[in-house]
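K.L.:
Let the hints inform the model, and build the full structure from the sequences given.
Order-wise, the sequence lines are chains A and B.
For the first sequence, my numbering assigns the number -12 to the initial residue and increments by one for each residue that follows.
For the second sequence, my numbering assigns the number 359 to the initial residue and increments by one for each residue that follows.
Take the hints with a grain of salt, since some may be wrong.
[Said to hold, decoys possible] Cross-link-like lysine to aspartate or glutamate pairs, in silico, DMTMM-like; alpha carbons within 20 Å at most:
{"hint": "1", "chain 1": "B", "residue 1": "Lys571", "chain 2": "A", "residue 2": "Glu189"}
{"hint": "2", "chain 1": "B", "residue 1": "Lys371", "chain 2": "A", "residue 2": "Glu194"}
{"hint": "3", "chain 1": "B", "residue 1": "Lys571", "chain 2": "B", "residue 2": "Glu519"}
{"hint": "4", "chain 1": "B", "residue 1": "Lys459", "chain 2": "A", "residue 2": "Glu189"}
{"hint": "5", "chain 1": "B", "residue 1": "Lys637", "chain 2": "A", "residue 2": "Glu189"}
{"hint": "6", "chain 1": "B", "residue 1": "Lys451", "chain 2": "B", "residue 2": "Glu503"}
{"hint": "7", "chain 1": "B", "residue 1": "Lys638", "chain 2": "A", "residue 2": "Asp190"}
{"hint": "8", "chain 1": "B", "residue 1": "Lys638", "chain 2": "A", "residue 2": "Glu235"}
{"hint": "9", "chain 1": "B", "residue 1": "Lys638", "chain 2": "A", "residue 2": "Glu130"}
{"hint": "10", "chain 1": "B", "residue 1": "Lys451", "chain 2": "B", "residue 2": "Asp425"}
{"hint": "11", "chain 1": "B", "residue 1": "Lys638", "chain 2": "A", "residue 2": "Asp193"}
{"hint": "12", "chain 1": "A", "residue 1": "Lys131", "chain 2": "A", "residue 2": "Asp190"}
{"hint": "13", "chain 1": "B", "residue 1": "Lys401", "chain 2": "A", "residue 2": "Glu189"}
{"hint": "14", "chain 1": "B", "residue 1": "Lys647", "chain 2": "A", "residue 2": "Asp190"}
{"hint": "15", "chain 1": "A", "residue 1": "Lys117", "chain 2": "A", "residue 2": "Glu130"}
{"hint": "16", "chain 1": "B", "residue 1": "Lys638", "chain 2": "A", "residue 2": "Glu321"}
{"hint": "17", "chain 1": "B", "residue 1": "Lys637", "chain 2": "A", "residue 2": "Glu321"}
{"hint": "18", "chain 1": "B", "residue 1": "Lys497", "chain 2": "A", "residue 2": "Glu321"}
{"hint": "19", "chain 1": "B", "residue 1": "Lys637", "chain 2": "A", "residue 2": "Glu130"}
{"hint": "20", "chain 1": "B", "residue 1": "Lys637", "chain 2": "A", "residue 2": "Asp190"}
{"hint": "21", "chain 1": "B", "residue 1": "Lys637", "chain 2": "A", "residue 2": "Glu235"}
{"hint": "22", "chain 1": "B", "residue 1": "Lys638", "chain 2": "A", "residue 2": "Glu28"}
{"hint": "23", "chain 1": "B", "residue 1": "Lys371", "chain 2": "B", "residue 2": "Glu471"}
In short, the hints are calculated from the structure, not lab data.
Chain by chain, the residues run as shown.
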Amino acid sequence: MTALLSVENVSKTFSFRSGWFGPLTTLDALCDVTLSVAPGETLAVVGESGCGKTTLGRSIVRAQPVTAGKVTYRPPGHDPVELTALDKRTMKPWRRDIRMIFQDPMSSLNPHMRVFDIVAEPLRIHRLAKGHELEERVASVLEKVGIPSDAMGRYPHAFSGGQRQRIGIARALVLDPKLVIADEAVSALDVSIQAQVLNLLEDLKDEFGLTYIFISHDLGVVNYIADRVVVMYLGHVVENAPTEALFERPRHPYTEVLLEALPIADPTRRVRRAKTVRGEIPYLGSRPPGCPFHTRCRFAEDRCRAERPALRKVGEAEVACHFAETLELKGAYEQTPATRTFAKA
Amino acid sequence: MPQTPMADRPLLKIEDVEIAFSSPDEADIVAVRQVDLALSPGKTLCLVGESGCGKSVTARAVLHLNDQNAVIGRGRILFSPPGEETVDIAALKSDSLALRKIRGNQIAMIFQEPMSSLSPVHTVGDQIDEMITLHEGLKPREARERTVSLLDQVGVPGPHERANSYPFQLSGGLRQRAMIAMALACKPALLIADEPTTALDMTTQAQILDLLKELQEDYGMAMLFITHDLGVVAEIADEVAVMYLGDVVEQGDVFDVFRAPRHPYTQALMRSIPTIARKKERQRLSPIKGTVPSAKDRPEGCSFTSRCPYAFEPCAGTKPDRTPVGNHVARCHLLTEGARKAEVPA
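P.N.:
The structure is reproduced here in structure tokens:
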């Protein structure tokens, strides 16, 4: 199947000066990132802070220009569009198809606007509806995400965190998008509310035939919702694999480290960690040469310090590691599959 | 683990504590309505619950760190350090000498956000030195030696140099390590950790959890660990207490509570987190309906009534008693009155 969206060799460099006359510093937030998402797929992008996952999302929606590479969108029944080549005006129609949901439901909603206006704004900007029709569309999308339409006249502060996140989702969906980029959309929510929003996202996906790029740091959530997972480290894609394959047998040592660090809510699976986690994430500005992960990798050899591994196909996965074929890494699933029997007293 | 003659005496016993916040133009808000906890020396008790359930307020009350308008309305907080008399911390004044002797010395605390809990204008080393000189009366030079060895012990690389850096010069993980070093400076009998890993990255969180476990073995201290993450609870706790809207609804041995949760809230909480399972074993999440009501609207009886799928007549009006179930206790009417009427469905 052709990809709905593909990102090819995208790099993004931020440069800034410390002080007026200070030296120009550059930070490579994204290095040569390549990935694609198929129609109807949920692609998760995971990694720790500073790995570039948010920058990637923002680059796709053109919230900021990329330094190199291209992002191609293939709308169904239309010629492919290279989003990175568009300017502000020619990009505008495509913004209807690609929408974003943000992490913090408090800061992503304008406190001075009523919920109705927040959700109606995209329709007004794109001149898609007005008057009675506008009202109806807003009410129906709010109903879909579980906000009673008689609450439309209220301001965001009158809603709880989970409800605000629903409003953010309604704002993204009101334009009938094809692709939704959810940037840590459930991270700020309490677990019971998080479950509500995750279920909502799944239902909406089925109902509207959506494709998701789900940016998250929570591997538990990712295992639940994603079809495929892209693992990023220091601006690089280090592994890209179907969810189950990745959790069953990671191919990149960093993926193994992430899986091992994941606390599993079952005390009987408590194990002493093998201490595969070493050191801390290096500062982006001082990215090591060679493989970005070699400073913390327990398998690192001279080759890793000198030569940057390219992303290549290993089994079902794409991995950027020199030794991906030979490494036997530990996954996160239980070794003997047994039905979990929590909560069954 | 050092054995004291009174090893079976709980180190910390919180009895029927209520904490209310007063405000000049509103009715008092009872943030914590009923908390009973007991923590044995050398053990880890996890307080778990969603935001606003009163877990942090409870933990802070142990050291009188809540805001001025917080009043412990009822109950006792009994602290029994090894080989010493039991003191009721709830009865002490927050600026009394007796409490200042305990705070930081016998009971230490670490916080969620190391950046905002460390002083930005003092070096990390100076801040740890201060603890040691204050509580143990060491000379500055001796204190610094101890500081450096503490930093080394908590895994700060280059402890000599790092002691001279300011918090902003350290990464999140290193700051948290520095704060742990500070908390350990006086070899506390009890460490209170308020979401110490929530603000950290995943791999750093794993490192800090491992570090805390190691240090606990070395120092033989007890830990009161506050978190919202059931995964962290499963990893670190000996005992767990589940809080909802100011009440402890279920508590006991962590293995027992996770294997057979009996309070509907605990059950629902566990069903709303995604399990790490293969696709064919994965189940749709069953979230808890609605949202946590505010403390003002808490029913007279069980606080979970408004969201509980099994609520029946006595729930809203009468507070359920502590009922032993297996190896732990829970507060739910289904477990007492309705024992025959309705087995708590799983």
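K.L.:
Each of the hints needs a verdict: does it hold here or not?
P.N.:
We went through each hint and held it up to the structure:
1. Lys571/B x Glu189/A: Status violated; Cα separation ~38 Å.
2. Lys371/B x Glu194/A: violated (52 Å)
3. Lys571/B x Glu519/B: Not satisfied, since the Cα-Cα distance of roughly 26 Å exceeds 20 Å.
4. Lys459/B x Glu189/A: Distance ~54 Å between Lys459/B and Glu189/A Cα, so the pair is violated.
5. Lys637/B x Glu189/A: holds (15 Å)
6. Lys451/B x Glu503/B: The hint is violated at about 34 Å.
7. Lys638/B x Asp190/A: holds (19 Å)
8. Lys638/B x Glu235/A: holds (13 Å)
9. Lys638/B x Glu130/A: Between Lys638/B and Glu130/A the Cα gap is close to 31 Å, so the pair fails against 20 Å, i.e. violated.
10. Lys451/B x Asp425/B: With a Cα-Cα distance of about 13 Å, the restraint between Lys451/B and Asp425/B holds, given a limit of 20 Å.
11. Lys638/B x Asp193/A: holds (19 Å)
12. Lys131/A x Asp190/A: holds (10 Å)
13. Lys401/B x Glu189/A: Given pair Lys401/B, Glu189/A is violated - Cα atoms ~41 Å apart, limit 20 Å.
14. Lys647/B x Asp190/A: Between Lys647/B and Asp190/A the Cα gap is close to 16 Å, so the pair holds against 20 Å.
15. Lys117/A x Glu130/A: holds (19 Å)
16. Lys638/B x Glu321/A: holds (13 Å)
17. Lys637/B x Glu321/A: Holds. Lys637/B to Glu321/A sits at ~13 Å (cutoff 20 Å).
18. Lys497/B x Glu321/A: violated (53 Å)
19. Lys637/B x Glu130/A: Not OK: Lys637/B and Glu130/A at ~30 Å, beyond 20 Å, violated.
20. Lys637/B x Asp190/A: holds (17 Å)
21. Lys637/B x Glu235/A: holds (11 Å)
22. Lys638/B x Glu28/A: holds (18 Å)
23. Lys371/B x Glu471/B: violated (27 Å)
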